[in-house]
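Given chain A's structure and the hints, the job is docking chain B onto it.
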Amino acid sequence: MNGWQQHLAILPIALPLILGAIMVALDEHRWRLKAAMGLASILAMLAAAAALAVQAHAGGAASLQVYRLGNWPASFGIVLMVDRLSALLLLVTALLGLAALLYALAHWQRMGAHFHALLQFQLMGLNGAFLTGDLFNLFVFFEVLLAASYGLALHGSGVARVKAGLHYISMNLAASLLFLIGVSMIYGVAGTLNMADLAARLPRMPAADRPLLEAGAAILGVAFLVKAAMWPLGFWLMPTYAAASPPAAAIFSMMSKVGVYAVLRLVLLLFGPETGESAGFGNTWLMAGGVVTIVFGAISVLGTQDLPRLAGGCVLISSGTLLAAVGAGQIAVTGGALFYLTSSALAIGALFLLIELLDRGRDLGADVLAVTLEAFGDGDDEEEQQGDDGIGVPIPMTMAALATCFLCCALVLAGLPPLSGFIAKFAMLDGILNPAGLGKGPALVTPGGWALLIALILSGFATLLAMTRAGIRNLWADLDRAVPRVGAVEIAPVLLLIFVCIGMTVAAGPVMRYMQATAASLHTPQDYVRQVVGRPR
Amino acid sequence: MQDAFYLLAAVLLPYAGALITALLPANARTVAWLAGGTALLTLLMVVLGYSDIAAGRIPRVALPWAPELGLSFTLRMDGFAATFAVMASGIGFLVVLYSRYYMSPDDPIPRFFSFLLAFMGSMMGLVLSANLIQLVFFWELTSLFSFLLIGYWQNLAAARDGARMALTVTAGGGLALFAGVLVLGHIVGSYELDAVLAAGNLVRAHPLYLPALVLILLGAMTKSAQFPFHFWLPHAMAAPTPVSAYLHSATLVKAGIFLLARLWPVLAGTDAWFWILCPVGLITLLVGAYVAIFQHDMKALLAYSTISHLGLITLLLSLNSDLAMVAAVFHIINHATFKASLFMAAGIIDHETGTRDIRRLSGLNQSMPFTARLALVAAGAMAGVPLLNGFISKEMFFTEALTAATTPTLLHSILPIAATLASILAVTYSLRFIHGAFFGPETDDLPKKPHEPPQFMRVPVEILVFACMVVGILPSATVGPLLDLAARSILGDATPEYSLAVWHGFNLPLVMSLIALAGGVALYRLLYRHLNAGIDGTPLLERLDGRRAFDQVMVFISWRFARALERLMATDRLQMQLRLLVCIAFLAATLALLPHGLAPGGVQLTPVDPVVALMWVVGGACAIAAAYQAKYHRLAALVMLGGAGLVTCLTFVWFSAPDLALTQLLVEIVTTVLMLLGLRWMPKRIESAGSGHILARLRRLRDLAIAAAAGLGLTAISYATMTRVSPDGISRQFLERAYTEGGGTNVVNVILVDFRGFDTMGEITVLGIVALTVFALLRRFRPAAESVGMPEQQQGEARDWLLIPAVTMRLIFPVIIAVSLYLLLRGHDQPGGGFIAGLMLAIGILLQYMAGGTRWVEDHLRVLPLRWMGFGLLLAAGTGAAAIAFGKPFLTSYFAYADLGPLGKLPLASAVIFDLGVFALVFGATVLMLIALAHQSVRRPRAAPPPPVAALPEPAAAAAGEN
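Line by line, the protein sequences give chains A and B. Per the numbering used here: the first sequence = residues 1 to 537. Per the numbering used here: the second sequence = residues 1 to 963.
A couple of the hints might just be wrong.
[As the list claims (entries may be wrong)] Interface residues of chain B toward chain A, partial, derived using beta-carbon atoms under 8 Å:
#1 LEU581
#2 ASP759
#3 VAL770
[Unchecked claim] Below, in silico cross-link-like pairs of lysine-lysine (PhoX-like), each with a Cα-Cα straight-line distance of 25 Å or less:
#4 B:LYS449 with A:LYS163
#5 B:LYS631 with B:LYS684
#6 B:LYS631 with A:LYS163
No lab work stands behind these hints, which were simulated from the structure alone. Just so you know, even glycine gets a beta-carbon here, dropped at the ideal spot from N, CA and C.
If we strip away everything but chain A, and leave its shape as in the complex, we get (with noise of 0.2 Å):
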């Protein structure tokens, strides 16, 4: 590794910044000029994040690569780390930016100022994150990410998003308190910030202490939960999400998944099996508060009359699954929670690029026909009693290329064959019935491995209750709707998401097996540590 590829590690971070600093000096009315620099920024991170998940996954076992800030030495200065996770998490970000991006192509950048700028730094936080290996680092690029979701929570104006967009930021803001409370607690009893550094100090840490950093820690997880939404704390997401623009809201359903994201890395570096008294700290509040975010999801998604509040619904679903994933605490249910995270995470993007598609042309108050018709009955059933005679009506294309692809965001989020979700939900479960694997040896089912089967089971059902109904209104019982005019710059965003998941069902081996090894280099993190800190622990 020397050359041009020991920086490939910034560039995710470095070129967004750059271009987004260029974007925000040029005049408003450079918006092409602008586009053309947002795409090729995009596609050279997604080129970036390829190349640097091909180096973690041809690394062996333990690949890790480290870059160091300024030169300076590990838990000294900031380091960014890319190890299989953080280069997959950039490789979806990538893609959803991708998908964005050429979404809001159509009209979407016109529509406030500043939209491409946003994005960029948007994507500079989220990579950030994934990137960074210091706890505070991971503080400045949460904050980079929210401030510009901030913005583009706010993109396009209106009652609808100033009024979700500041409850979002009032309770974003309160976390980023609690972050920075947790941080400081943390670095006052372990003296480091650097995350490996850390996890090398714990077992050494003097008991007395222990206490105090464990409310750190917890401390810390109540701003990452908030983040992640889960129940009590996501009551800002679905409002915030639905009044969204729908690049933006595409663009979240990744930062969702940043707070899990940093639940999954700290709990599993600090907390993990090997790291003496404090092992498995707060994994049964995970599983809990996980599993009672999957059951308020899926009750949102029934209860919900209109399509963006529905994905809203599918956001939570994912949080509480992933979070009760990572609760449960075994190998094999991480790994298939990170199957989980990438499906969910494009299905959902493409369905918030897809819903705005489906509304246009259609008179509105058609969701909320579609609960309440089913409350007083339908109606009309008794008019086409003698139908068998009925002749087809030939749907437009545009109308058949929006339902199937609704079609298929339907099914991966409902965990259905024949895509990527029902092979994630298949994983989770099957590692949480065979911690130990397949056939080897009878294993013990936790009560909560019990709770996250039925609550995953049901939600499914939930979701396809909520999408067959969503979808039935929307596509088939609207006969004198108008045809929508979609650009193929829009609908080629969502084709290529749900792409992106058929190929993940087709390669479901090679996928699972990166997948299978980030989670188990997670749950080993000594090599991680030795690698940051060279020194063994």
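Only chain B this time, still in chain A's reference frame:
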């Protein structure tokens, strides 16, 4: 290799056909030939495989899919699977042929055939799966394509509702099956069918047997329309008739039965198996047959009859008897042939007359004699008339019912009676189907003039009916080998001796058959008048309306229940959310501390200085007062906040942190001014009378308690942290290396721009983004009407109310610029730096705005804050990136001293350029926010919104938000 070819082809061919078909233009009728060819080829593949099985080999193929998960794509065809595969592809072919004539030329036909072929592929995948997870995979796919096919005429409400109901029930059952298979795999330790089938004893003895059984049975019962999940099937009849013939009689609904038989060696043989399945099968058998009699729609009659026959098969499977198993497999084959042909006959009638209502149809025997003969034979098979295939399997059923009756439980002993009763009912509805449509006087009162269908539309029916007859007359010579292979692949060596013959002598089953025939005819005569009176609904079972129950459950789940729970579990209010956040953070920390407790550290404390203590008391009082006044007296609260900030600033000075103090001071100034500017446009908040209410007081008390607890908790943990001896961490290294390696004596600045310059870069980005967001938010903002007027102080005579300060402010502007630059340049070694300097310069601009007003400043000075920001960020990031050009990591700094001769040495660190970027960004961002706020005074308010109407809360809220 050869196995791989035809097994894979059998599954993949239909999918490939579906894909190609989907891409063809609408209304291309050639599609039918493509689809038919695909189906025929698929059948050929199955037949190829069958010859292998007949030779005693089980062809299988395995492709790796996700081996990490124990998932491989494995296909395997034994006799039982082959039976189903033949039905799926063979009847599939006939249905395609039939559809070619049935579907209207105006129908968008490619979509139809595409779904039909995809369904065929899924069905093939389902029956050929050698892995249970893969089976579930295809299982759900069949549900999905069934949904799409039922909803094919999506313009009909009945089709939409039927499709949705079918999907909900069958896919929901599929999820249960998924869970059940997972549990089964957990018990066995493998999802491979062979391994599972070999582990029967292990499974039946396992404590998780019952949950697994119930879940799997749920899947099977929903799919095979067993009571109480039967209701979706009649509504699925909204599908085009070929679909009903294919999916809802021959294949899809048999999938549940298929699963029961497939897992029979593992799950059957227990009491639980019998006691769940037998009552379900029995009720389904009887209720289905009974309700079928009273249907006026031919397809509905057939649908209920299908339900009844599925119940019969389930009942057979539940008996835990090997012979009953054979009978079940036999009946599966027979039912598929006669029911598919009957559906097609019903479709022909509908196609040629325009109606399916038995009450309207009459005497079709004259106009369509051929069809009438065919239907007559098929219905005879359904009724169990001798010399037809239905008769033989029914005889076997009677025999089994009688054998089972020897077991002394009530349920076993009533089986013969129930079986006879069900057969009577079956004869009745078969009679009604035939007699109602084909006999009686010819009628003119039909939408179309009836005539025979096109010849090839009849061919599929002819083939199936021919099969009914041949099997009925020569069972062992025709279906014998297939049945034997199928039974053997389930029962293995335990396959019992059985005889397929029409004549077994004059025995009890034959008597039962005769009773059934005679009873059925008698019952039809008895009910004839009632049936033709045109009364809707089923006597005695009017209340049994599965659809209404389904709708009610759906409404309950998705409307009342979900919304009630959501109200209970969620809140829209920000206060509540923040309260929860604080409480949970408090609880989280407390729970973490609880097991070990919290002890202060052992640092030697210095004595408290009374002056500093007093200062802190004042600061604390200011903070509390600010919170107390924040609701109604914003200005006072802001002043108090300033006080608290000032005390913090003094504290920094006291603890010798000049950099922090300076920064804090400038931040205090800028934020206070910006907030004051913002407050100017906030509508005034009037203390309402309600605020003194007892409940409101209690609420505030509670909030006070929460705030106090959280505050005290934070104090406690801060105290505990700070009194600890600081660990041997990185802080000492900062001090040691700042000058030697960072080239600066101001450690804080070296940390900011060098050691942790990356953090700084992130933070200035945040500042920039926030400024952009504020700018974007305020760009569309218009002040509220009530806050547009000039404030009191600016009204009236006192025009020059700020004259002297204004002059002063203008005069010191150059001084401020100079000081700011000075602070910037000395930053690396002395207190100062880019951040402080940027703020300082921004304050200079701020003062100009205060002094001269927005218009005056902008007439005289163009700041272009966006350019400053872009430039600043670019400079900072560019400095970092420059290191890469030298082969060093991002942000690696370089420093040296330039000797300027008499002027002394000038420190030249690349970090200084970075700091310059910080300076530019901070200045630009602060000024951008200032300008965004300042421009409010230049704007006109929007036209007053219409007064809010009380009944419509939305517009009112909208208006409030917009202002």
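(request) Just pull the numbers of the violated hints for me, sorted ascending. (result) 4
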